[in-house]
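Q: Chains as they are written, first to last, in numbering that gives the first Met the number 0: chain A, 0 to 151; chain B, 0 to 151.
These are calculated hints, taken from the structure and not from any lab test. A portion of the hints provided could be inaccurate.
Since copy identity is lost for identical chains, a pair holds within one copy or between any two.
[Claimed, not checked] Here are the simulated DSS-like pairs of lysine-lysine, each with C-alpha atoms no more than 27 Å apart in a straight line:
{"#": "1", "residue 1": "140", "residue 2": "125"}
{"#": "2", "residue 1": "93", "residue 2": "125"}
{"#": "3", "residue 1": "24", "residue 2": "140"}
{"#": "4", "residue 1": "24", "residue 2": "49"}
{"#": "5", "residue 1": "49", "residue 2": "125"}
{"#": "6", "residue 1": "116", "residue 2": "24"}
All values reported here derive from a predicted model rather than from experimental measurement.
Chain by chain, the residues run as shown.
Number of protein chains: 2
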Amino acid sequence: MKKIVTVLAAAAILSGGTAIAQDYKNQIKARQGTMWVIALNLGTLGAMAKGEAEYDAEAATAAAESIHGASMIHLSTLFPEGSDAGMNDASRAKEEIWANFADFEAKWGQLGAAAEKAAAEAGNGKDALGPLMGGLGGSCKACHDDYRVSPS
Amino acid sequence: MKKIVTVLAAAAILSGGTAIAQDYKNQIKARQGTMWVIALNLGTLGAMAKGEAEYDAEAATAAAESIHGASMIHLSTLFPEGSDAGMNDASRAKEEIWANFADFEAKWGQLGAAAEKAAAEAGNGKDALGPLMGGLGGSCKACHDDYRVSPS
Chain A
0 MKKIVTVLAA
10 AAILSGGTAI
20 AQDYKNQIKA
30 RQGTMWVIAL
40 NLGTLGAMAK
50 GEAEYDAEAA
60 TAAAESIHGA
70 SMIHLSTLFP
80 EGSDAGMNDA
90 SRAKEEIWAN
100 FADFEAKWGQ
110 LGAAAEKAAA
120 EAGNGKDALG
130 PLMGGLGGSC
140 KACHDDYRVS
150 PS
Chain B
0 MKKIVTVLAA
10 AAILSGGTAI
20 AQDYKNQIKA
30 RQGTMWVIAL
40 NLGTLGAMAK
50 GEAEYDAEAA
60 TAAAESIHGA
70 SMIHLSTLFP
80 EGSDAGMNDA
90 SRAKEEIWAN
100 FADFEAKWGQ
110 LGAAAEKAAA
120 EAGNGKDALG
130 PLMGGLGGSC
140 KACHDDYRVS
150 PS
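Given the sequences, and given the hints that come with them, work out the whole structure.
A: This is the structure:
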């Protein structure tokens with residue numbers, strides 16, 4: 000037993016302290032699902048902004064509220080340290096996230112602020128959607144540029 | 000071309016009007032990810048309530064806020080009609096959801112109310128967690144009992 004504990008401790012040190020058996024499969028499902036919530040609702044807003052779908056104040060507000068709700072999920076659950084692309088094939092999260100977690104959270108907060116504004120204003124008519132989409136899309140891009148592995 | 004359209008229209012009628020080519024794969028990822036957000040954060044609260052993890056007011060509040068954020072996501076995105084277990088192997092959603100969508104949304108609203116209360120009170124000490132967990136768990140169960148296929 001003592002030997003097993005020693006081996007596990009050594010392995011933990013070698014792996015930078017990350018738990019060995021943890022694959023973060025469920026956390027990755029949670030965060031990718033959260034990103035899909037954002038993407039699908041941005042799609043709804045974008046279709047209305049471009050006139051591909053009829054503008055509907057209630058549906059636009061619901062879409063923005065959904066993005067706002069998703070943005071309120073804390074990143075500690077969605078991005079536990081060690082759940083990066085290098086350790087999990089299912090993920091495109093860069094290791095840089097954990098070296099810069101405060102910046103990562105600040106960027107997530109910018110999405111939250113843009114989403115709160117969108118939830119308040121998406122009901123104001125089709126023309127309101129373009130600028131609101133700009134704010135939302137900009138905050139998505141800011142984080143993806145720094146912290147997401149580009150598709151190969 | 001006309002023949003293809005007729006065939007598609009007939010198929011749409013046979014399938015109850017649901018779009019044929021739509022597999023709702025991304026919506027199912029969004030909703031299952033949302034459920035994982037809730038489950039993981041309930042796990043955090045439960046571990047503290049049971050004393051398996053040290054009580055931490057900030058982490059408990061963050062977990063409850065995350066559940067509250069998830070509960071603000073509108074069900075129209077997460078549960079488009081036709082995305083039930085019968086049509087999608089990945090899903091355990093019952094068809095009954097769409098025949099009772101107002102009830103389904105009301106039950107989701109109960110989760111939202113329990114989560115809002117938990118976010119406000121989870122920081123009040125370890126002993127606050129049990130009753131808050133009861134409210135959250137009860138609203139999960141109410142919906143799962145009626146609208147989720149039991150594991151076989």
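Q: Pop the pair residue 93 and residue 125 into one bin, within, between, both or neither, using alpha-carbon distances up to 27 Å.
A: neither (36 Å within a copy, 35 Å between copies)
Q: One pair to classify: residue 24 and residue 49, alpha carbons no more than 27 Å apart. Within, between, both, or neither?
A: between (36 Å within a copy, 24 Å between copies)
Q: Using 27 Å as the alpha-carbon threshold, which applies to residue 116 and residue 24: within, between, both, or neither?
A: The answer is neither: 33 Å in one copy and 29 Å across copies each exceed 27 Å.
Q: Given identical chains, is residue 140 near residue 125, meaning Cα to Cα at most 27 Å, within a copy, between copies, both, or neither?
A: Result: close within a single copy only, 23 Å intra versus 39 Å inter.
Q: Between residue 49 and residue 125, at a C-alpha cutoff of 27 Å, which is it: within one copy, between copies, both, or neither?
A: Intra 9 Å, inter 50 Å, cutoff 27 Å: intra-copy only.
Q: Evaluate residue 24 and residue 140 at a C-alpha cut-off of 27 Å and name the case that applies: within, between, both or neither.
A: both (25 Å within a copy, 24 Å between copies)
Of the numbered hints listed earlier, those contradicted by the structure are 2 and 6.
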